[in-house]
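Using our numbering, read the sequence shown as starting at 906 and increasing by one per residue.
Read the hints as simulated data drawn from the structure, not as lab findings. Any given hint could turn out to be false.
Said to hold, decoys possible - Per label pair, the in silico range of CB-to-CB distance:
#1 Leu1047 to Ile955: 36 to 46 Å
#2 Leu947 to Leu1016: 39 to 49 Å
#3 Leu947 to Met1056: 49 to 59 Å
#4 Leu1163 to Pro1026: 46 to 56 Å
#5 Ala1055 to Val1014: 15 to 25 Å
#6 Phe951 to Leu1076: 44 to 54 Å
#7 Arg1000 to Leu1152: 41 to 51 Å
#8 Val1077 to Ile1120: 47 to 57 Å
#9 Glu1156 to Ser988: 45 to 55 Å
#10 Tyr1003 to Val1114: 28 to 38 Å
Backbone N, C-alpha and C define an ideal beta-carbon position, used for all residues, glycine too.
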Amino acid sequence: MLIERRQSRTLEFQEVVGYRFLISAGFADVLLLFNYGVWPGLTILFKSEIIPKCARHWLQLYLDWAWFSMVWHYAVVGWSRWSAIRTPHTFRCQRRRYSYALCGCCYVVALVEVLATHFQPWYVTFYYEPSSYGMLAEDFALYLSGGQSAMFLTYHVAAIIPPIIFYTWSLVLLINRRRTAIKSHTHIHVAQSNIESRLLLPCVINMIVFIAGQIVITVGTGEGKWAGCMVMLVFCTNSALNPLLLLLCSESIRKQLLITIGIRRSSFSHPEKCSSIIYRNPIITRSKEETIQSPLMGVQVRLSPSPSNSEPSTHL
């Protein structure tokens, strides 16, 4: 069987397949950084709410949609990490449509939630007030007694349970797999566990920070304008931490970022010096022409560079 892939498509499989859910969650984090960092800063800078009073409700609808989308991503990302550890081969062969559908569900479900709640008589709109360095409620008493505060609390508690289960299960699987690999002297599984552990770590830390932030907001940050500023700071910290942790803990994401911004050239631009790990099939190219035993498929795979005037190919 002869499989031919274009260089760009091979690079796409290598770098993107394992991070589709993280990229989608990162997009939601970027929205929140703008919503709770840039936008409040602009209102303080111009000493104006910027938007008319009649548009407060629609701005609140957008803010809640972006927030709920981010919260739903915790469960989806937790499931993706668990699936990558429990059934790695199946996860790597996952269809793009399936991955994108799951990511899209986070945004669609969040939209359904805000449309179902924002037009209720008990729903209270918040708006940015420059003098308070944060957000104020149009009717805070109704927010506390009308059920909106209890709804947010219940929603956040329910949304954080699935990722806790997935991450705990994933850690147990990694520990058991490491013990088995050490006893049987199987180094392949240990290396794979190390890769998944590094990617799992930032997700777990970000979830812990999210829980801590919700506790701080629920217990209270005091009164006055600095209390509102503290709430905005908690939101921004929670959104900025996830991308930063992924860059610190994942070498492949750092490499892809350097390639994207042009600081580093892709290894696929030099076929003669190809030395990389193919994420879709764990096969390593060590030289110009080498036969390697594939641990998953149980077949001999012969990898060889193509001539300069043709595309690289993989012969099975």
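For each hint, the structure was consulted:
1. Leu1047 to Ile955: 36 to 46 Å: 25 Å, violated
2. Leu947 to Leu1016: 39 to 49 Å: Violated, at about 25 Å.
3. Leu947 to Met1056: 49 to 59 Å: Given about 29 Å between the Cβ atoms, the range is violated.
4. Leu1163 to Pro1026: 46 to 56 Å: Between Leu1163 and Pro1026, where Cβ atoms are some 53 Å apart, the hint holds.
5. Ala1055 to Val1014: 15 to 25 Å: 20 Å, holds
6. Phe951 to Leu1076: 44 to 54 Å: 47 Å, holds
7. Arg1000 to Leu1152: 41 to 51 Å: Between Arg1000 and Leu1152, where Cβ atoms are some 28 Å apart, the hint is violated.
8. Val1077 to Ile1120: 47 to 57 Å: 25 Å, violated
9. Glu1156 to Ser988: 45 to 55 Å: With a Cβ separation near 22 Å, Glu1156 and Ser988 fall outside 45 to 55 Å, so the hint is violated.
10. Tyr1003 to Val1114: 28 to 38 Å: Given about 29 Å between the Cβ atoms, the range holds.
When the structure is compared with the earlier hints, violations turn up for hints 1, 2, 3, 7, 8 and 9 and for no others.
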